[in-house]
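Participant: Protein chains in written order, with this note's numbering: chain A, 124 to 379; chain B, 135 to 524; chain C, 3 to 314; chain D, 13 to 261; chain E, 130 to 525.
Treat the hints as calculated values from the structure; they're not laboratory data. You may find that some hints are simply not true.
[Claimed, not checked] Restricting the straight-line Cα-Cα distance to at most 30 Å, the calculated cross-link-like pairs of lysine-lysine (DSS-like) are:
(1) K269(A) / K18(D)
(2) K165(C) / K88(C)
(3) K136(A) / K183(D)
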Amino acid sequence: MSNLLATENVTKKFGGLAAVNDVSITVKQHTFTMLIGPNGCGKTTLINCCTGILKPTEGRVLLGDTDITGWPTHKIYEVGFVRTFQIPLPFLGLTVLDNVLGAMRNSGEAPLKAPHRRLWLKEEENNMERAMAVLHRVRLDKHWNKPSHTLGAAQLKMLEVAKGLAAGAKLIALDEPIGGVDPASADEILSHVSALKNEGLTFLVVEHRIDIAAPYADYIYAMDLGRLISQGTPQQVLGDPKVIEVYLGKGATEAC
Amino acid sequence: MKSQSTQRNLKSLLLNSEILAVVAILMALTFFLTTRGLPMVLTILVDFAVFAIITMSLNLETGFTGIPQFGRVLAVIAGAFAVGAIPGRLLAALMGLPAGLNYTIDTVQFQVSPELTAALSGSWMLSLLFLFICLVIAALSGAGIGWLTSRPAIRLREAYLGISLLAFGDFLMWVGHNWVPLVGGSTSVFVPDPFRIFGGARFEAVVIAIFLAALLVYAYLNRLTVSPFGRALKMVRDNEVSASAAGKDIVKIRTQSLVIGSMLAAIAGGLYVIYTGTVTAMGYSRLVWTFWPWAFMMLGGIGSTAGMLLGVMVLTIMRTLITVYRFEVFGFLMAWGINPLWLEFTLMGAVIIGVILFLPHGLVPEKVQSILPASRVNSILSKGFGAKLQ
Amino acid sequence: MAPWLATGLIYASALALAAGGITLLYMSTRTFNFAHASMATIGFYVIYTGSVLGGGTPYRYFPLAFLIGGLLGVICYYGLNRPLLKRRAVEITLMMSTLGYDLILLSVIQMYCDYLTFSRRLFPRRVSMSIYDFELLGVSAATIILPLVAIVFLTALHLFLVKTRFGVAMRATIENPVLAGASGINADRVYMLAWVIGGGMAALGGAAMSMAITGTPVLGMNSIPFMFAGAIFGGLHSLYGGILGGFVIGMTEYAGVFYLSQIFGPWVLGYRMGIPLLLMAATLLIFPRGLAGIPWAALVRNLFGKKGGIRV
Amino acid sequence: MLKINKLNSGYGKLQVLYDLSIEIPEKGITVVVGPNGAGKTTLLCSIMGIADVSSGEVEFQGNSIRALPSYLLARQGISYVPQMGNVFAELSVRDNLQMAGYLLPTAKAKKKAEQMTVMFPVLKKFIDRKAATLSGGERRMLAVAMGLMKDPKLMLLDELSTDLAPIIAEKVISEVARLRDELGITILLVEQMAKRALEIGDTAYLLVSGGVRFAGKARELLNEPELCNMYLGIKQPAAQNIPSIEGSR
Amino acid sequence: PRRAAPAPGPTEHTVVALLPLTGALTTFGENSSKVAELAAADVNEWLTKNNKNWRMNLVIDDCATDPPTGLRKMTSWHGEGARFFVGPMSSGVAREVLAFAGANSILYASPSSTAPGLAMEGDWLFRFCPSDAIQGPAIARLIQEAGVEHLIFVWRGDTWGDGLQKATADALANTAVQIYPELVRYDPGLEAFTVQAALLNDYVGDLVRKGVSVDKIGIAIIAFEEIAPFFTAANAHPRLRQLAWFGSDGTAFSAALIGDPTASRFAIDTKFASTKARPEALVAQSNYERVAQHVYQELGRVTDSYSFNTYDIVWSFARAIDEVGYDSAKVKEILPRVADEWSRTYGASGHVVLNAAGDRAFADYNILVVNDKLVWENVGYFDSRADLIKWTRPIY
Ligand SMILES: Nc1ncnc2c1ncn2[C@@H]1O[C@H](COP(=O)(O)OP(=O)(O)OP(=O)(O)O)[C@@H](O)[C@H]1O
Ligand SMILES: Nc1ncnc2c1ncn2[C@@H]1O[C@H](COP(=O)(O)OP(=O)(O)OP(=O)(O)O)[C@@H](O)[C@H]1O
Ligand SMILES: [Mg+2]
Ligand SMILES: [Mg+2]
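Taking the hints into account, I'd like the entire structure generated from these sequences.
Facilitator: What follows is the structure, given as structure tokens:
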């Protein structure tokens, strides 16, 4: 398995605070890689640095062999790397389905082509089929035609995940995909992600609900205070005393 | 199953807002035609058509893309000034008449413009060509100003952008008023009239031409926005961060929207000055060319192109009625020393407020629905979604 | 005193008051108040009517102008703004609704002028308030009094917002009314107070402005771009920014046109509104959040060669 | 303390809750659990007068509070921590805390804020930063702190543990238990970490599709394997208290 | 209502007065609207007395000195069937509606548009006031009479101001008067003039430094009601008070000037002289007094010179319509003749002779100054045919 995403000594400073400090991780192809760590340790910031929302202060981000450091977000999307947001950012004026369709590629987005329906209709239909399938998996298919501002909190989270999954990328970063989602649905979403992984996609997932998510993980990175503190298979990392101390807490120790 | 779906199609066709809008408009016009005669209808139509184009362009930028375009007058001015300044000069230069900086000076105009119009009214070919050139020049200058305004639009947000545009709209008007070689400063410049060739039917011809232009713009915008492009615009409007994460180039999309919108508004400005036959810089005030279109847009329903037509039509008819019937209906106010003249402002204000309070989404609310035709959506839905992914 | 300075000072103070009101309303209700135009005009007509019919100096009627402006603000709040805020209307809707209100006020102003013209035999459509002014320390009193009024008033307001929790409550309420309510903040009172003060400031601004330039029924309508420009130039997230912006816009307009026309000739006069606008545009392009958004500290640090980039 | 009788409510035309009746006993923790979209948040919104209540009664300490605006509820001692939008993103952390203590005397508010920064040291560290720049979990901590500060009689807590690292989540939940035990505050807790919540809770309601599916003692719900499995994703028998990390598949 | 007493039997013919009731020219618009009402009432009285079978329905509308608004109002009223318009007052609006009026056979007559560029043959616009090409020489002559050798121009930058300034400058072209090269043109919307006054002071200073004596310097100001704030601002510069200032018909009889103590004092000190079209030897039946009285009664002010033209326009329309019916094409043919005939006896503005372009052919100008009692006083007149000023009380 080759490396799909690699960060090389990425550092991000906000004023004096180094939110991410010299972090190098690699995400191998066709894996479910998890990123864990206490609140504010820099997980979201790291993903933001990888996807162009923020520019790293130092270090490089590589996607395959391409250096994508500092690229704008939409260009990173172009090369097959999408992300979802921890706090959902839906397109409130669009329907649930259009939210998902909008995250997919369609050549009808060029203003010169847009007025000629013939040129993009087929594409749109295929997209819709796929979008509906994804919505089905996150249990939003019933709501496909609702404006997204009428969804509840967890449903928005699922929509956010659906947008990521449908985008047709090879690497998908999910920032807390199951926060606030009920355990049954959470399992369903993650098993879907797992199925996609088996079909050839790669995932980088941030999640606090270790009990539900860890079983799906192939590899885990743990961070604290902006630095990597542990990495390895789930067993190794979750058993690591450092991780237990800063992240999992005593309660979890006993279980392991 | 099949008959049921055709029935549903028929029903959705009837409830289709565009069709409703067209029917309502036709009914209003027929009413005026029978009760007040053709001139009234033409009067309404020409006002309607010019402002419909402007309002639709505003809707593209504001309703779809979320740019607070409080400087609509900028693009209208660009089109009007360009058509006032350039095509006439070109023609004059061709004919060996003064076409330089002094072309716009009152006394020169006074000699040149009858000759130009005479030349145009002699040849269909020339008139048509001239009209075409006017429109192209208007479109180009509109696109130019759209591109220019898109530069700050990248950096400035919301109110900052809206108010900057508003202020610069005022400023551009003053430039036209002060810099004589542009459009004659305070003493307007004449636009050679390509419709003079219709002789006595000139007014009717102009009205029909502008009306057709408005319909064309409508058709174009409708096709342009009911498409993935339109959806991308709305994504940018709703959430820029999320839109860029979904692969949309915010800068590019905002620029595209501003360029297309401004181009259309400039064409409307160009058509308007061809219709009036003159460009007076001071005529391009924010009240008329920015705020009225905004009011039309609010009434029509932000984000809905068909709504724009309906909104402009309703308010145009209303404004005409207010102008004409003010004294008859509200004459009694004179008893209290209130001049019904001012009711035009009162009523326009009341309409804006009423619409916002009681019809917050306008006459034709923005449609939240798929851009695919309903039949295709249904067939996809009926297939079930277990279908394979990727 | 430079010839432009007297008028410039009055005009700039007036703009500072008006722009401050716009900023206040924007901060507290997200409403960009177009009705500021007519409220300002009404402020002018209050002091005009007072001076003509009631006698005495115009300054006696400034408090009344403030009150009437505040009243107009309250009407706007209960009639328009409140229902819309309840509905969580978007910014442009709020903005447009005040345009409707402005048009209605404008027609009321015109009707009132009709009344003054026909029943009172006055010339309300073109008024030089300066003829009601008196002389103080060798200059017209307005040159001294109005900047003072502006400074005192704005300082008091600033202190009120900073020293009490009201200022924070105001920003909190508009950002998240639900949470603000759950924290025990009475949104109604916050909004209403903002409208009283904002409307009052508009009227004060209009009244002050009429001491420098001719009062007409479109006094406010003609100067509203500058009030707005002042507000955004200063930065909409800070009251002091709005005040500063209004002042700078007013001063540059007068000073700029004076000095530039001496250098380049009188043709510059025609483009006078461009001077503050270009300054504003240039500033906003570098600092998109206006004067109050300029990281002065970092700038100064940079100037003195210390490391650390400017963050905007 | 809080009594809800035959409540019907929703958003505009959309009805979410149907004839819902719930009672919250004084000085206890009432846990409301249920799958997504069941209407838990809507329930809290209806109490606070944010959702549209079409019929039914809401009584707080014997008085109807159905028509009261939320600021008056706050003044009666109800503190609400929403699920989303629970901090003032554009304000600094300090101002957020100040707003939370809006109803308290200034000195007391200061002291309380102090206490909160002791409980969540991050807040102290970031006291002058805009809340919008906090990380997801830090935001949630701020929200919880703001809720705790208000010195309430009744607290409505919507999904406290979301976005929190397990160690913090545990801390927050035990803090909730402490509030009840030491200060005698009545608490209505909506939680997705159902198991943990039910362990500390006294009364429990299981909400499904806008109706009550189970009402009773919290421990009893944990002993209903079918409900637990179907709606709460709790797969182990109740006896085994601690979540296992690897074992569930 | 505004409609002047229509009787039930006879047909009504609509005449629309498009006047600026808002915007910069409000005062003129108000005066003219009162006068138009008076004229319509007089016309209808005459029609009734003579048992005519039609009545005039006069409608007053506001065009706000704004070209698009003016055009919209005209199209709306045209849609209602109106074919005759009194106004618009400003040349800008008059020009905006030119093409529309031409294409739709709408006859309109302006009481006050003076732009030379609108002097076109065959168009549908009549102008009952002389174009600037006639007033310019009057002001020029006045300037020469005052013994001024260096003239500084300051004027209102709109169609009217630009036109009149140009006409005056043209008339001065071959005289001994030198025009100062810096030309001060200000925004028509401008309401504060400290900067302009300061500039003028600089220019005077410049001339003085070059050795020109102050009594050889004059300032021609072409302004409307803003003359009052302008003088207030100029008053701050003592040197400006020593020069001779010249006005135009825009400032003649300005009520604002009289009403402002500082400004009127300044006008007295500078012998501020304004020109105003002079009714040619008014006959006894002239309606001049009647119009002046009416406005004074209604509005409590001295009316402006254009309002007399308004009165004559309404009557000329009425007489012509009475002759050939409500047919704008026919009226267009006979209007010059009718106006000539009627005004010879009754014209409020004196005898109206229209030239080939449909503009008032010639006119004499009264010279008006503010006297010590703060009233406008006529001190002489300019004879346009002889190109000289006949003083009744020489001021220079
Ligand atoms: N724009 C910003 N300005 C200043 N500090 C920031 C900004 N964004 C994030 N931070 C800080 O950087 C640190 C890392 O934040 P980040 O969002 O990456 O945390 P996280 O690991 O995702 O935490 P959580 O699990 O709570 O979401 C936090 O302390 C946060 O407060
Ligand atoms: N503002 C709203 N407008 C319209 N419908 C809404 C709104 N908020 C929620 N809903 C709908 O109400 C239903 C119940 O939502 P609610 O948020 O109360 O569920 P919940 O039990 O809190 O779920 P979650 O676990 O997601 O928090 C959902 O179907 C949702 O789509
Ligand atoms: Mg995070
Ligand atoms: Mg919820």
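Participant: Run the structure past the numbered hints and jot down the numbers of the failing ones, going up.
Facilitator: No numbers; nothing is violated.
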